[in-house]
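Assemble the whole structure, with the sequences as input and the hints as a guide.
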Amino acid sequence: MEILVYLIPIALFLGLVGLGAFLWCLKSGQFEDLDGAAERILLDDEEVSPDDAKTAA
Amino acid sequence: MNVVKPAINISPPVDAGGADCCDAGALASFTTAATGPNPVDESTLALRDPSTFVMAAGDGQSSLNLLVENLHCAACIGKIEGRLNATPGVVQSRVNMSTRRLNVTWRDGEADPAELMRAVQALGYPVTPFDPSELAGVENREGKRLLSAMAVAGFAAANVMLLSVSVWSGHAGGMGEGTRTLFHWISALIALPAVVYAGQPFFKSALAALRSGGLNMDVPISLAVVLAAGMSLYQTIEGAEHAYFDASVSLLFFLLIGRYLDHRARAKARSAATHLLGLQARAATVVDNDGCQHAVRIADIEKGMTVLVAAGERIPVDGTVIDGRSDVDTQLLSGETLPKLAVPGERVFAGTLNLTAPLRISTSALADATLLSEIVKLMELAEQGRARYVRLADRVARYYAPTVHILSAATFAGWLVFTDAGWQASLMAAIAVLIITCPCALGLAVPAVQVVASSRLLRAGVLVKAADALERLSDIDTVVFDKTGTLTLGHPELIGGTYDTAQLSLAAALAQHSRHPLSKALCAAAPASDGAISDVREEPGYGLEGMHDGRRLRLGSGAWCGVDGPAGDQDGTEICFAIDGKRVAVFRFEDTLRPDAREVIAELAKMGLGIELLSGDTPHAVAHAASALGIDAWKAGCLPADKTARLEELARDGRRVLMVGDGLNDAPSLVSAHVSMSPASAADVSQTAADLLFQGARLGPVVTAIRVARSSTRLVKQNFALAFAYNTIAVPLAVAGLATPLVAAVAMSSSSIVVTLNALRLRWIG
Chain C
1 MEILVYLIPI ALFLGLVGLG AFLWCLKSGQ FEDLDGAAER ILLDDEEVSP
51 DDAKTAA
Chain S
58 MNVVKPAINI SPPVDAGGAD CCDAGALASF TTAATGPNPV DESTLALRDP
108 STFVMAAGDG QSSLNLLVEN LHCAACIGKI EGRLNATPGV VQSRVNMSTR
158 RLNVTWRDGE ADPAELMRAV QALGYPVTPF DPSELAGVEN REGKRLLSAM
208 AVAGFAAANV MLLSVSVWSG HAGGMGEGTR TLFHWISALI ALPAVVYAGQ
258 PFFKSALAAL RSGGLNMDVP ISLAVVLAAG MSLYQTIEGA EHAYFDASVS
308 LLFFLLIGRY LDHRARAKAR SAATHLLGLQ ARAATVVDND GCQHAVRIAD
358 IEKGMTVLVA AGERIPVDGT VIDGRSDVDT QLLSGETLPK LAVPGERVFA
408 GTLNLTAPLR ISTSALADAT LLSEIVKLME LAEQGRARYV RLADRVARYY
458 APTVHILSAA TFAGWLVFTD AGWQASLMAA IAVLIITCPC ALGLAVPAVQ
508 VVASSRLLRA GVLVKAADAL ERLSDIDTVV FDKTGTLTLG HPELIGGTYD
558 TAQLSLAAAL AQHSRHPLSK ALCAAAPASD GAISDVREEP GYGLEGMHDG
608 RRLRLGSGAW CGVDGPAGDQ DGTEICFAID GKRVAVFRFE DTLRPDAREV
658 IAELAKMGLG IELLSGDTPH AVAHAASALG IDAWKAGCLP ADKTARLEEL
708 ARDGRRVLMV GDGLNDAPSL VSAHVSMSPA SAADVSQTAA DLLFQGARLG
758 PVVTAIRVAR SSTRLVKQNF ALAFAYNTIA VPLAVAGLAT PLVAAVAMSS
808 SSIVVTLNAL RLRWIG
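Chains as they are written, first to last, in my numbering: chain C, 1 to 57; chain S, 58 to 823.
Calculated directly from the structure, the hints in this document are not laboratory data. There may be inaccurate statements among the hints.
[To be verified] The list that follows gives simulated cross-link-like pairs (lysine-lysine, BS3-like), each with its CA atoms no further than 30 Å apart:
(1) 577/S x 639/S
(2) 692/S x 663/S
(3) 261/S x 27/C
(4) 577/S x 692/S
(5) 136/S x 577/S
(6) 201/S x 27/C
(7) 397/S x 577/S
(8) 663/S x 577/S
(9) 577/S x 27/C
Shown next, in the form of structure tokens:
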């Protein structure tokens, strides 16, 4: 049973990490545009830096 | 502005991702067609001068928020962001698809906001600057609040449940008392803060209800959660066998899921309301006495000011034309297909579109006294009439909450009186009743069906805006249609006349230079038009003139072409084409019906619904459409008040009416009808007023929506029945004190799952 002394805190810690990650995502606005997020998958983002784009344009 | 209760966000059906969905060509002409008798001075575009909306973003950067129209798919996002990010000076641009907003940030002085707006506009997406402080995202914060509460409740429920399962199996396997109490203490440490945090949405609403002397669903929920947590803490301190922490947090978790689904379904569309506000927050170009032009917020316009309206702009306020001659498209206001001529002395109204030439207008009414705002007031009136409708869930809640309280109080009293178990066990039984009857399944019954129904309708091109729209749609017995833009496509098409192909293509080459609806129809009907036309000028109200190979071409009314006689019938849907003063061709136009309008009307009649047609158009045009569609009951020349009057008459006869319309003139009747639908091409105000929106050229979604509404209401009722059936089994167990935490947890979860699965059936049944 002593194993519980480690397991329970570990389980809780992992759960809290997940919760914290979710709340962080929420706070940083990642749930603000769910429709857009679903569509953005389809964009070919070639990671053009704004400066490259300017010279190209 | 509380009329804008529902919300809009046109998300197109998923399969609309093709090229045509992003065909914004019609709007491209907004910016490129600056040919007319008075070439539009670039400065007159200052109506869209965004300077009043630019905000300092810090670090020497400025940003501008824009409402974007026509956003449909990933390609739209890519096009807009790509174009803006490629503009020198722009730091960042971000399109929000859910709210149809665009935020651009640039380094001060390196980019011109008006230029950026023109760039997006040229891609075919009309933009309107807005002030984000006016549209502060209340609903957004609320959604975030619910989501984080749900996350915390979910985390707590999962962990407490793990511990509880250990305890339950321990009961059978001989877990030591010390271990059990330890587990209870750990559960308490997780559950109590979680209850305090995640229960707030319910506690607040319950407190508000109690303060106003009433009861709502949140009262028994809050009571059960707080009592269960408190009692469990007491049991834990005592080292007793049972604790109800798992029940209180998982109850919160399930209910928060329901509440969040409900919230999302509504918030999704609320941005239409913000669109209406955005429409009003626009700036107008005011001309000073000394001739200077500057942008002024519409709210700041005073009576008697001179406002300049460029060709292609919406007229911002009601007023009288003092200078200029142009065609004004009043379709959204009156339902008439053809533009009206505006000359000095003529009255023009806010919300109409100035088509062919710049106008100077002396304002006669302030922003809150325009025809547009009168329509909004009519809508408010109609809205009050509708508020009597009570949602099924609320009706159920009205009886449910008192019943639950009485039942649980009776259980407590019964145990005290008839047993010698003591107050603790009596209270536990009462709490068990509260928890078991807690409207967990009830809380999910409506949102679950609604989310499935909305997503199914979304695929069919219908957006559900009002929360109770489906319920209301399911019990209609009459459908009233508007004509222009609803049964018809709202733009004329070439249907005949006397001409040959060469004449058509030459006429179309000339017509290219105009924004007049008939010119557009001519261009659309012509094969690739050839021939360079020079010296084009447009005479508003008459027609176009141009030179080709040294010959003078004229396109327009008979008088314009120098021919006498009936060059156009009374509806003005004929135009002549003359070369060197001699009439060579006549083109006849008609507003075409939506391709499946006939079938849809027949289908609705087969469903046993009464059908009527109310239009603001001329009797001739309405009679023609009605006979083509087989509608017997029709009325032409209706003003907004006529339409609402007719709807009230129907309501007095006990009819429940679905109103389908698109114009500004339909907005009040859309609100006063039992339930309403608009095409997605409708005026903003109408979109805001309507309960449902449908996309595309076909009318079929109306039938689909009625079908889905009927089956979803059936499913909601089934869900309520399931929830009640579960209660009739579980409540006696709880009253008898047999509901241990395990039984309660299993019963509650299984009822929620059954209800959710039942809702999912809507995907398959018609």
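Each hint tested on the structure:
no. : hint          : in the structure
1   : 577/S x 639/S : 23 Å, holds
2   : 692/S x 663/S : 22 Å, holds
3   : 261/S x 27/C  : 23 Å, holds
4   : 577/S x 692/S : 29 Å, holds
5   : 136/S x 577/S : 26 Å, holds
6   : 201/S x 27/C  : 8 Å, holds
7   : 397/S x 577/S : 16 Å, holds
8   : 663/S x 577/S : 37 Å, violated
9   : 577/S x 27/C  : 48 Å, violated
In summary, the numbered hints that this structure violates are 8 and 9.
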